[in-house]
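S.K.: Chains Z and Y, in that order, are what the protein sequence lines are.
Each residue of the first sequence is one higher than the one before, counting from 50 in our numbering.
Each residue of the second sequence is one higher than the one before, counting from 7 in our numbering.
Keep in mind the hints are simulated off the structure, nothing from the lab.
A couple of the hints might just be wrong.
[Stated by the list, open to error] Have a look at the derived ranges for each label pair, beta carbon to beta carbon:
#, chain 1, residue 1, chain 2, residue 2, range
1, Z, A62, Y, M7, 27 to 33 Å
2, Y, E39, Z, G100, 37 to 43 Å
3, Z, D125, Y, P77, 17 to 23 Å
All residues carry an ideal CB built from backbone N, CA and C; glycine is no exception.
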Amino acid sequence: MILARVIGHVWAARRDARLQRAKLLVVRPHAIYEPAFATRHLVATDDVDAGVGDDVIICLGAPARASLGDNNMPVDAAVLGVVDRVELDADAMRAAGAAPGIKRPLEIAVGT
Amino acid sequence: MIRGTVIGQVWATRKARGLEGQTLLLVAARDAEGQPTGRLVVASDTLDARAGEDVTVAFGSGARNVLRPGPDNRDLLCDAAIAAIVEGAG
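Take the sequences, apply the hints, and build the full model.
M.R.: In structure tokens, the structure reads:
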């Protein structure tokens, strides 16, 4: 799973039949672990009614499909939760090279 | 699996039902030499990992096997889970 912020919606009239009822959001990962996501954004389905500006937990791969109740969905990213709070341990972040830390709430700047 | 360091925890009240009961920790990933990569992953934790502890994180079906082993765990909403607390690496 990754942390991301919702930055927009996607509208699509012509879409896969299994996606007819899916709400599609554009999200920007706060920090990413997959080099493939160099575009700095993902399109994810949303079943928890997240809105633009919300910080969310994104699940990738098979569990994203499972969250929609159908393992055959043409989907590989889903919003699973709206984040209330992130608690970061300052000492652990320094040790892990994750400083300088948070600029705004949940705006996590991860340095190397 | 990758190696990383626990740096914090994430809370969400509004969430998919399958996420209930999962403890979600933020893990800063390290590379093969143990150096920080600047990348974060949210991993489910069943081992009571604490901030500052080095852990290994399993992805994909390996992550689901941490929560519930077996072939019938495709319903689990988890793509990353802490598989071990690292005490030393050489």
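S.K.: All hints are to be evaluated individually against the structure, with a verdict given for each.
M.R.: Hints, one by one, checked against the model:
For Z:A62 and Y:M7, the hinted distance range of 27 to 33 Å is not satisfied, since their beta carbons lie about 42 Å from each other. Range check, Y:E39 to Z:G100: about 41 Å between beta-carbon atoms, so the 37 to 43 Å window is met. Between Z:D125 and Y:P77 the CB atoms are about 21 Å apart, so this pair conforms to the stated range of 17 to 23 Å.
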